[in-house]
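Q: My request is simple: use the sequences and hints to build the entire structure.
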Amino acid sequence: MKRIFLLNILIFFCLVSFGQSPKELWTEANNNYSKANYEDALAGFKKIEELGYASPALYYNMGNTYFKLKQIGKSILYYERALKLDPSDKDALNNLQLAREFTLDRIEEVPDFILNTWIKSINYSFSSDVWAYIALVLLAGVALFLLFFKYGPTSRVRKGSFFASMVFLLFFCISIYFSWSQKHVYNLKDTAIIMKPVSTIKSSPDNSGNTLFILHEGTKVSLLDEIGQWKKIELADGRQGWVSSLDVEII
Amino acid sequence: MEVNLSKKIILLLGALLMSIAVWAQAAFTVDVPKVVGLDENFRLVFTATGEPSNFNPPEFKDFDVLAGPSTSTMTSTQIINGKRTDSYQVSYTFILQPKSTGTFSIPSASVTIGGRVYHTNPVSIEVVKGEGSSASAPLGNATSSSGTSISSDDIFMKMSVSKGKVVKGETLVATLKLYTKVPLAGFENVKFPSFNGFWSQEIDTPSNIEFTRESVNGKIYNAAVLRRYLLIPQQTGNLIIDPSEMTCLVQVRVSSGVSRSIFDDFFDSYQVVKKRVKAPSIQVNVAPLPAGAPASFAGGVGDFKMSVKLTRDSVNANEAVSLIVSISGSGNLNLIDAPKIEFPADFEVYDTKISDNTSGPGAGNSGTKVFEYPVIPRGAGVFEIGPVEFSYYDISAHKYKTLNSGKLILRVGQAVEGTASSVASLPMGINKQSVKSIGNDVRYIRTGVSGLARANHFFFGSFPFFVFFILIVIAYFAMDRFLSKRIERNRDIAGVKNRRALKVARARLNVAESLMKQNLYSAFFEELHRAILGYCSDKLNLSMAELSRENIAESLQAKSVSKEHIDELISLIDTCEYARFAPDQDKPEMSSNYKRAIKLISELEV
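In order, the protein sequence lines correspond to chains A and B.
Going by the working numbering, the residue at position 167 of the first sequence is 167; the numbering climbs one at a time, nothing skipped.
Throughout, the working numbering is defined as the position within the second sequence, counted from one, plus 1000.
There may be inaccurate statements among the hints.
Dumping the calculated DSS-like pairs for lysine-lysine here, alpha-carbon to alpha-carbon at most 25 Å [stated by the list, open to error]:
1. A:K150 - B:K1407
2. A:K202 - B:K1407
3. A:K159 - B:K1559
Quick caveat, the hints were computed from the structure, so don't treat them as lab data.
Values in this document were obtained by computation on a predicted structure and should not be read as measured data.
A: Spelled out as structure tokens, the structure:
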């Protein structure tokens, strides 16, 4: 009986060591990174990713590892993924900027409408989850002020709480929209990074199409459409074309 | 161009040149004029270099052998740079005379030199009727014309082309020849044609004009090639080659009848006469190339072969590599354009280097043309180049042919550090005070909290989010309901009292009236006091304990009751209290107070 129990414990430990927890993998990979064993670090990070976990920190570290391995395209991809989860990540932004220095394509971005930029900067000052919490708090506020409005002892209190509830309702709607839009954008999968050192952008989704332009590894494109093994892409400056699905990786 | 040599000298020189040419090794050659007159005797010379033995002359069926073989030997020793060369030459000379006109061949002769048997090539000799041997006498000092007039029969020029009908781009050779029966002192004012509509190139111009005997219309002339041109028609239709002209200086023997001495008779005196000769223009019919040329047709007409190769199979990015296409064959090689090659779009392609290597002047239109395409791949990867296609028009097959090189594979490795310009230039500070960036690297990784969560997890729209959302909504409605219920209840108690106030007051007043009738003074006022206070209590929703004069006045004021009514009410309460607690002194009138109360309550009710 005792022997079986010991055996069980042994099996249990074997299982634990075999299927390492994400946290252990994380620590191990970070150690490998600090010892400049980038290959091993990358393998560790990849294992975590395969387990179905994600976090801005994980993607950020993967981006760094790829950068150290001089795989600029991959590193840009992972920085972008980190930023997709947490757009306010200053480190990821900085490193992405640096990684972009190594790409060949300089694409003139058409400047966004200024109001749009402001709204976006407000939107991404908090993550979707934070906006969702804010929305819930605001909703509670709306409810509270509505009650005050209905049952306030004096007319002044009632008037004030009506305005307050309306303002809270407006902010509630805005934060719900921000939270939703961030989740929506994350799930869109409408941007991709060019992964091949040189990929030709064709005018039609087959090899016979005219070559419109050339993109190099690390260039960010937005995806518009997909036909078979071809994806319709658009550059930041508005140019469009078709690229083989093998050449790009979705952020 | 001037030729001041007599035929004799030319022949001597020719013989000398030949002897030089065959010096080095053993050889056996034959020398004979191409054309002879019927009644002319001519020399046939077999020359053997080396020490011949066992000379075996051919059989002369169509000729009479007048003399020969006469053997002559020549020995020479030469020391060049201390190296001694001995040569030994033996000539066998026959003097022959043709038996009849026509073209006859002299079979080969053989000789043994140093143990090896050498043969001459069979030669053909055309025998024409001829106007006597004078024109073609090899010694050249005999002329047929005894006068100063020289007919165009005696000397003329002729332009001939190798092909009269060609397709556009097909090569042909034009030859300008001078035919003469009279000795020439030289030329001047030579005008060669401009070949309009042709691409032309002069080929193998002889440095010395060498005359050979040829028969034209049965007459023997000394003919010399003046110029040869390689022509490639660039237009279609009937192209005309312009006439060419020149002035010949003809030596004419003057037989003067004035001072006839024995010397004059013996030594001919010569006069130089200018004669303008003109080669007539000729036509070349150029047909256009047939339709349906392949896309890769680059203007080549003839017969070609192509080879394509890369200077290196694998390079690093930003390193130069060349694709070399060489086209060899015969045809208008000079005019072939560089084949268009599709390089991968990321390649930097530089100007094509073209080197022409047409072999020897004799061939003229055959050789090799090499196109070198220098390229620099800018990105890494495995690239396919080509296929390189070259199409040409095959004249003999009368159709277009396409040569295909197949695909070439070029492996491009990563750029070697330092060659890429984009990475090397890091922004440097301009200002003296600003902090200069020496290097650049990514910021360090996150080592702390991983913050790992299941991927694609959002609080918004998740179950807890909705639970919270619904909880807040439910809480709101619950609170709303609770508060409204409480207020409803409160409002109901006051409302009932309010509604009952008049009724209760009336009942009390009725009791007070009956007491008044019974004249029960203090009981009346007690009842009246109770009726007024009860009414106030019910109406103003105040408890009995709170019914002070101040509270009543305040509440009534809040209900915006007029000041008169409030004062009246207060004074009525005062009167009642006064009547109740001070009954002995002057008593207030019962009926008037009763009426005041009735009036006040009905007015308050309004």
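Q: All hints, please: hold or fail.
A: Hint check:
no.	hint	verdict
1	A:K150 - B:K1407	violated (83 Å)
2	A:K202 - B:K1407	holds (21 Å)
3	A:K159 - B:K1559	holds (22 Å)
Comparing the model with each earlier hint shows a violation of hint 1 alone; every other hint is respected.
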